[in-house]
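> The lines below spell out each chain.
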Amino acid sequence: MIYRESGTFKTSYAADMALYPLPLSRWTLAGIFLVLLVALPLLASPYMLTVCDLILVAVVGAIGLNILTGFAGQISIGQGGFMAVGAYTAAKLATVWNMPFWLAIPAGGLMTALVGVFVGIPSLRIKGLYLAIATLASQFIIEWVINHVTWISGGIQATVQMPPPRVFGIAIQSQLQFYFFLLAFAVIATVAGKNFARSRLGRACVAVRDRDIAAEIIGIDIFRTKLIAFAISSFIVGVAGALYSYYLGIANYEQFGLDVSIDYLAMIIIGGLGSVTGSILGAAFITLLPVVTRRGLAAIGPMFAGFDIDGVLPEVRLCLFGGLIILFLVAEPEGLDRLWRNMRTYFRTWPFSY
Amino acid sequence: MLDSFALILIANGLLVGMMYALIALGFVLVYKATEAFNFAQGEFVMTGGFIAAAAATVLPFWVATLLSIAGLVAFCFGLERVVLRPLLGRPIIAVIMATIGVASLLRGVVVLLFGSGTRALTMPIQQAPIFVGPVMLPPIDIVGAIVSLLFFGIFTWLFLHTRMGLAMRAVADNQQIASAMGIDVRRYFALAWAMTGVVSALGGVIWGALLGVDNQLAVVGLKVFPVVILGGFESVAGAIIGGLVVGVVESLSAGYIDPLVGGGTKDFMPYVLMIAVLMVRPYGIFGKAPVQRV
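Note that the protein sequences, when read in sequence, are chains A and B.
Under my numbering, the first residue of the first sequence carries the number 150, and numbering increases by one thereafter.
Under my numbering, the first residue of the second sequence carries the number 307, and numbering increases by one thereafter.
Bound conformation, chain A alone:
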């Protein structure tokens, strides 16, 4: 939030942990909502709305992954697989039992939470790299199962058609309708993430991440904390997967490959590990990257003769993607969230920066 307080007047821990440290922060939030709810849908072109929709899905997924990897410190390379579980569960329930979205999406989340807890069980004994590889294995195994068990995938293309979600009898189909639909979920995920971070459980997760043996000594049940982190994170990730398949209109395992897992990891690294604001910034950054790359190439393309944008676009995107991850890791390990806070701190005392 943007404000300059006149001093520190906090007298209790409750005040220190409050979501709105000043009345002004409520107003800033209201302002942000006004932009998101009124200004953006009115001003944005359909193409920009599509990009916004994708960002909103990515925000939900990135917050989910950040709870597991950023807060609890359990590296997961199985994000794509988890999203696929949520997507296919919701798709199956919506098509076979005609379940409305408000049942199918949480059901997708619950199923993913179950799978996530199962994958998390080895985290009792293994950690760090070995756990990362175990989640990578779960990615491959989930992909294979969805692709080869015809009951789930519904045949040769492994694609399930999704009915559009219906809210109060209105079928959500246009980009604008989806924008509001997805925005609701992104806001819920953000509030849930912010509150998770300041709860007892959230702080227990951070303690386990920072030094697990020390955490155990001060009375935190490590295994339980890790499993709950896996469950909560997988639930949100599964919801993101279900939302994505509702948005696309199909559930298709090719949308949830290893590259998706890596994209989401990049989001939370670039955004900032262990930060909800960072997840949002990172999700926007990584989703916008191909869009901006395309615009940029189109701008410089005419300078070279025989320049084929579509031919080099995927490679340039890969280069930028890899380069930016490395740049952030080396230069600003705490990500965009840290840059944002640095900026705020600078302007908080500006122009008297001493």
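Source of the hints: derived by calculation from the structure; they are not laboratory data.
Wrong hints could be hidden among the right ones.
Unchecked claim - Using 25 Å as the maximum straight-line C-alpha spacing, the simulated SDA-like pairs for lysine to any residue come out as follows:
no.	chain 1	residue 1	chain 2	residue 2
1	B	Lys572	A	Tyr279
2	B	Lys572	A	Ile301
3	B	Lys572	A	Ala448
Stated by the list, open to error - Covered stretches of chain A (chain B as the covering partner; in silico rule of three or more C-beta atoms under 8 Å from a C-beta of chain B):
no.	region
4	263–275
5	278–286
6	411–418
7	474–483
What the hints assert, rightly or not - For each label pair, taking beta carbons as the anchor points, the in silico distance ranges come out as:
no.	chain 1	residue 1	chain 2	residue 2	range
8	B	Arg587	A	Leu263	21 to 29 Å
9	B	Ile563	A	Thr244	27 to 35 Å
10	A	Ala448	B	Ala380	27 to 35 Å
11	A	Gly318	B	Arg587	52 to 60 Å
12	A	Arg274	B	Leu394	23 to 31 Å
13	B	Ala434	A	Ile399	44 to 52 Å
14	B	Gly421	A	Ile399	32 to 40 Å
15	B	Ala380	A	Glu365	42 to 50 Å
16	A	Ala448	B	Thr363	30 to 38 Å
17	A	His297	B	Val441	25 to 33 Å
18	B	Ile436	A	His297	33 to 41 Å
19	B	Gln482	A	Pro482	16 to 24 Å
20	A	His297	B	Ala380	40 to 48 Å
21	B	Pro392	A	Phe158	35 to 43 Å
C-beta: ideal position from N, C-alpha, C; glycine also.
Starting from the known structure of chain A, fit chain B onto it as the hints suggest.
The following block gives chain B in isolation, referenced to the frame of chain A:
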């Protein structure tokens, strides 16, 4: 009783397994010395293959191979200096993500430089398969297996019988004490990465000759994870055993399970096996459980 089908599968699996082991060796060397987990191993192999294939169009095969080795060694030196040295002492995820970033960067740069078409890389050896009883063995696989055995021999000798190897083992064991004993730790980190460069370039040449050189060559890198998990991250012998096991399991599941479920088990069975091993022995067959202190 083994029939000839099973024998063929096992023999081919063992040969392919040795070639997996060669790539896994690159992985283990870096992990052992620097505790960095190289997710870009497959991309290193791909890059090695591309350099060799591009050079082989104008130069003899062996010169192209040497050029590829030189290129990757230089790249690995640079990588260690620019990317990995600043990340020393940071959480594991930082190093994992950095190598994932390098992988992505290499995929982009290599295709931009060399084009995305598949290039042929032909070894100047006999192409007709060799028959040992009922078993048919492709000569490229045999060369690959021999090269990897040779390099395992060389590295084992280096580690056990040279001053450099002793220093590297000391660095791998405890960086601080090694440093206090007057070993330039950073120099040996760079050396470990250079060794990986050598092994990856060779892997690229061999796998490139086998499969053709294109960006799919990087997928070989994904096979390395089950191999090193089975063997344990810091064990050179484990890399061989893991490679052989993965090679044979893959070959057998492709031969026997694929017809039943309609394909794809080749890429998936090693990971199932890996999960099973993780459940029983969390640090691999030859890995050591780390001692932890508060």
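> What are the numbers of the hints the structure violates, in ascending order?
Result: hint 3 breaks, nothing else.
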